[in-house]
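In the numbering used here, the protein residues as written are 1 to 198.
It is possible that part of the hints are untrue.
Unchecked claim - Straight-line C-alpha distance at most 27 Å; calculated DSS-like pairs for lysine-lysine:
| id | residue 1 | residue 2 |
| --- | --- | --- |
| 1 | K107 | K152 |
| 2 | K167 | K107 |
| 3 | K143 | K193 |
| 4 | K107 | K143 |
| 5 | K152 | K68 |
| 6 | K143 | K125 |
| 7 | K118 | K107 |
Stated by the list, open to error - Using C-beta positions, here's what the derived DEER-type ranges look like:
| id | residue 1 | residue 2 | range |
| --- | --- | --- | --- |
| 8 | G57 | N146 | 23 to 31 Å |
| 9 | T174 | N58 | 27 to 35 Å |
| 10 | K107 | F35 | 32 to 40 Å |
| 11 | K172 | G57 | 42 to 50 Å |
| 12 | L119 | S19 | 22 to 30 Å |
| 13 | T174 | S19 | 38 to 46 Å |
| 14 | F35 | F185 | 16 to 24 Å |
| 15 | Y166 | V192 | 13 to 21 Å |
The hints are simulated quantities; they were obtained by calculation from the structure and are not laboratory data.
Ideal Cβ positions, reconstructed from N, Cα and C, are used throughout, including at glycine.
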Amino acid sequence: MGCNDSNSTFLEELKSDDSQVYLIYRGTNSKEGFFAKEFNISDTLSTHVGLLIYDKGNSIVHHVVDTKSLPSDYKVETIDDFLNIEKEDIYYTSIWQINHLDTFNFKSIKRNLEKFNKLKIKFDKSFSSKDSTKLYCSEFIFKVLNNIDSEKFNIKTRKRKLSGIYKTYFRKDTLEYYPVDVFQFNGNIVKVKEWHFK
1 MGCNDSNSTF LEELKSDDSQ VYLIYRGTNS KEGFFAKEFN ISDTLSTHVG LLIYDKGNSI
61 VHHVVDTKSL PSDYKVETID DFLNIEKEDI YYTSIWQINH LDTFNFKSIK RNLEKFNKLK
121 IKFDKSFSSK DSTKLYCSEF IFKVLNNIDS EKFNIKTRKR KLSGIYKTYF RKDTLEYYPV
181 DVFQFNGNIV KVKEWHFK
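Using the sequences plus the hints, can you model the full thing?
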């Protein structure tokens, strides 16, 4: 991951509670990252978000990303693969703890993730939210959290009028979507650590 010893130790400490769930953000210099950053509410660094859990001693990230070649754009990978700095051109990452989850919530999340893993999810380039088999990263996170507690995680979409390159890219006048950083404004989700790589 490119972390120093103190950061690696911090990640090891997170593993001590294997019933905890985290959001993990990364910022990349990809074309997709450029678009995501432009549509955030206030976070100018994060361009992608995934769900981090510890399973049998391994740090596993569940996320939806445009793979362009795999049968499904739903990915399950280790934190080292998710934060492969050279491969993904990552300059930033942060970890946010999802508070007030009980054992039932945790098991419900794991069941949800198992269901997603069995589906052939395609990355939703149009951000339409109409097809359950087409998702983008923050929409996936919303569906997982809202499913376990629709009041606690009653996260609303944002609307933005489009013009110029964005209007051409999305082929619409208005975009309704979940910004990558929308979860950072929920009182049940708290940042615990961040790293700057470049």
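Checked hints:
Only pairs whose Cα atoms come within 27 Å are accepted, and K107 paired with K152 is accepted, the gap being roughly 17 Å. A C-alpha spacing of about 41 Å is found between K167 and K107, which places the hinted pair above 27 Å, so the restraint is violated. Under the criterion of a C-alpha separation no larger than 27 Å, the hint pairing K143 with K193 is consistent with the structure, at around 24 Å. A hinted pair counts as satisfied when its Cα atoms are at most 27 Å apart, and K107 with K143 qualifies at roughly 15 Å.
At roughly 34 Å between alpha-carbon atoms, K152 and K68 are farther apart than 27 Å, so this suggested pair is violated. Between the alpha carbons of K143 and K125 the distance comes to roughly 17 Å, so the proposed pair stays at or under 27 Å and holds. Taking the CA atoms of K118 and K107, the gap is about 17 Å. The hint holds against a cut of 27 Å. Distance hint check for G57 and N146: the Cβ-Cβ separation is about 29 Å, which falls inside the suggested range of 23 to 31 Å.
Between T174 and N58 the Cβ separation comes to about 42 Å, which falls outside the hinted range of 27 to 35 Å. A hinted range of 32 to 40 Å holds for the C-beta pair K107 and F35, which are about 35 Å apart. Range check, K172 to G57: about 45 Å between beta-carbon atoms, so the 42 to 50 Å window is met. The hinted window of 22 to 30 Å between L119 and S19 holds, with their beta carbons roughly 25 Å apart.
As the Cβ distance of T174 to S19 is approximately 40 Å, the hint placing it in 38 to 46 Å holds. At about 20 Å, the CB distance of F35 to F185 agrees with the hint of 16 to 24 Å. At roughly 33 Å, the beta-carbon separation of Y166 and V192 lies outside the given 13 to 21 Å, and the hint is violated.
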